[in-house]
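Participant: The lines below spell out each chain.
2 protein chains.
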Amino acid sequence: MEVTNKYVTLKTHVEGAPKESDFELKTSLLALSLNPGSGEMIMKNLYVSIDPYPLNRMKRYCSSQRTGPGFEGITRQEIEAYGVAKVVVSDNVEFEKGDVVVGVITWAEYSKIRRNKMIRKLDPLGFPFSYHVGILGYCGLTAYAGFFEICKPKRGEKVLVSAASGSVGNLVGRYAKLHGCYVVGCAGSKQKSFFLCLFLSMDGYFPDGIDIYFDNVSGDMQEAAVANMNTFGRVAVCGVISEYIDSEKKAAPDVLDVIYKRMKIQGFLAGDHAGLFQDFVSTTSNHPHSGELCPLEDISDGLDSIPFAFTGLFWGDNIGKKIVKIAKE
Amino acid sequence: MEVTNKYVTLKTHVEGAPKESDFELKTSLLALSLNPGSGEMIMKNLYVSIDPYPLNRMKRYCSSQRTGPGFEGITRQEIEAYGVAKVVVSDNVEFEKGDVVVGVITWAEYSKIRRNKMIRKLDPLGFPFSYHVGILGYCGLTAYAGFFEICKPKRGEKVLVSAASGSVGNLVGRYAKLHGCYVVGCAGSKQKSFFLCLFLSMDGYFPDGIDIYFDNVSGDMQEAAVANMNTFGRVAVCGVISEYIDSEKKAAPDVLDVIYKRMKIQGFLAGDHAGLFQDFVSTTSNHPHSGELCPLEDISDGLDSIPFAFTGLFWGDNIGKKIVKIAKE
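Listed in order, the protein sequences are those of chains A and B. In case it helps, full-length UniProt numbering puts the first sequence at residues 1 to 329. In case it helps, full-length UniProt numbering puts the second sequence at residues 1 to 329.
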């Protein structure tokens with residue numbers, strides 16, 4: 001048996017901000033059978049997470065230390081992403097047809113993967129599958145680990161979150177509130193307004209300064225936050241949305257502030273905090289039921305919508321976690 | 001009894017790099033007597049530490065959060081500095097005439113201080129007084145706390161130290177070596193050569209990348225170091241010599257590097273690590289005897305030499321700890 005598999009790929013390396021015309025929709029025929037002993041698996045993709053970081057691998061010049069091997073060929077490769085899928089054919093003893101799985105899939109209707117891919121069976125815990133791409137998935141862990149492990153918040157501390165309507169920022173704001181912190185989130189459709197809305201009103205929102213800045217944007221915002229931080233302030237550096245599309249606009253926080261205020265500026269990746277996953281899931285999954293932590297999702301329909309959904313991230317088009325629903329469950 | 005007290009003060013606020021002509025030598029008559037109950041003390045100053053940080057308070061525009069109160073009047077004030085002195089008259093029960101003390105004195109032949117000043121009796125431990133202004137003083141504690149507490153080095157790690165012939169950098173290099181690290185120090189007479197000597201040869205000196213960067217200069221050097229750091233690299237931000245004199249040249253390390261390499265960039269002040277003082281002194285004082293940690297001192301003679309000694313710091317004129325000997329012991 002054979003299916004027609006639609007997938008999204010890059011026509012050309014991206015320069016600056018990604019455009020829809022950088023991508024193309026292709027189709028190929030995919031045999032729904034595997035060589036015995038191959039350890040492979042074919043999955044029908046259901047939901048895919050739309051995140052900014054794949055942009056790194058779509059650019060021509062890029063440090064291999066950052067992005068791992070395989071960059072050279074990205075214009076000819078399927079594009080990887082975190083998502084939920086259903087197993088259609090399996091030559092892997094750990095999975096069987098019909099299993100719902102979560103992990104690294106591709107921007108495609110079907111993904112064929114090897115044994116070593118990061119995929120695990122999904123226990124939906126009574127929640128919609130889309131939750132496991134966002135609030136209970138990798139971006140949820142990013143918010144949880146970044147806020148609790150990197151920022152080490154104390155009750156009553158003053159927290160600033162940038163890109164606060166985005167997938168991670170939105171959750172950080174909620175965790176901070178649940179933890180008894182004072183929180184100001186900032187969001188805008190363009191990087192310039194991120195900056196302006198905060199820089200102009202920082203005194204008003206933070207008359208006593210900022211203790212924690214959860215940075216999803218970098219650039220001017222980071223500089224403005226550092227200038228307003230308190231002694232022993234912490235900056236968790238999570239994203240650089242303003243620099244992804246304008247590499248000239250780099251954050252240059254005042255180093256004298258960093259010294260005199262004894263600040264810590266720390267980058268992190270959720271993958272290093274996988275040990276927190278159970279804590280994270282049990283803490284977080286208690287809240288959607290009570291309504292305190294209801295997810296903010298922005299779901300588009302159909303594989304064809306991926307290029308629009310992805311490019312929109314860089315202009316702040318999404319409100320909450322951007323997800324594309326590829327197929328019905 | 002009365003003495004003529006020579007002291008150095010600022011004629012005008014400093015713009016950019018300090019010039020000798022920004023300072024003037026003044027004299028005043030000082031009565032060597034105190035009002036009973038005043039708690040005051042008059043000291044004859046012996047050695048004074050020459051450090052870059054007082055420059056912050058010499059500029060017209062400066063955040064009070066950084067420098068503490070009293071900035072406005074600095075052109076009319078005596079300039080504070082760390083040093084060793086001998087008590088001449090005391091109305092403070094904790095000190096008596098002839099005591100040798102260490103702490104905050106002034107750029108003067110004699111300092112009259114109140115009870116609340118940071119002064120303690122000095123146990124010379126068999127070392128020359130000058131050691132207690134440098135290797136066994138505040139700049140030694142800065143090197144010790146910054147390297148061991150902020151960088152948390154492991155044996156065999158690769159360490160880069162900027163301004164490595166300066167007072168703190170020199171000690172950090174030695175601590176790193178004693179701790180079994182691979183160390184490269186960089187020094188030059190101008191910030192540009194700091195940058196060039198490293199940027200051009202970073203691959204040669206660090207074929208396996210940098211684990212720890214002890215930053216005394218900021219600017220281009222910090223950017224170059226961050227670009228060459230390993231995963232989980234640490235940057236201790238101690239000084240900004242390149243930015244003190246050129247506020248336009250701010251470090252803008254690549255934030256994607258900071259995230260993907262999960263780096264920590266941390267500012268610190270030795271004062272927060274006073275609890276380490278005994279450890280620091282006992283660790284450090286074992287070494288001058290064995291010759292492993294012999295101090296690199298750059299001592300000028302006489303109060304008059306302070307303006308030249310201070311301004312020279314910003315051009316890298318000093319080799320090792322810059323000290324001015326004000327009077328014979």
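Note that these hints are calculated values from the structure, not bench results. Predicted, not measured: the structure shown is a model, and the values here were computed from it. Hints are supplied without guarantee of correctness; some may be wrong.
One copy or any two copies: either way a pair holds, since identical chains are not told apart in the list.
[Said to hold, decoys possible] Straight line, CA to CA, 25 Å or less: simulated SDA-like cross-link-like pairs of lysine to any residue:
#1 Lys59 / Arg262
#2 Lys19 / Asp254
#3 Lys328 / Leu55
#4 Lys249 / Asp304
#5 Lys154 / Thr27
#6 Lys152 / Arg262
#7 Lys328 / Val183
#8 Lys44 / Leu178
Participant: Broken hints, numbered, in rising order?
Facilitator: Of the numbered hints, 3, 4, 5, 7 and 8 do not hold.
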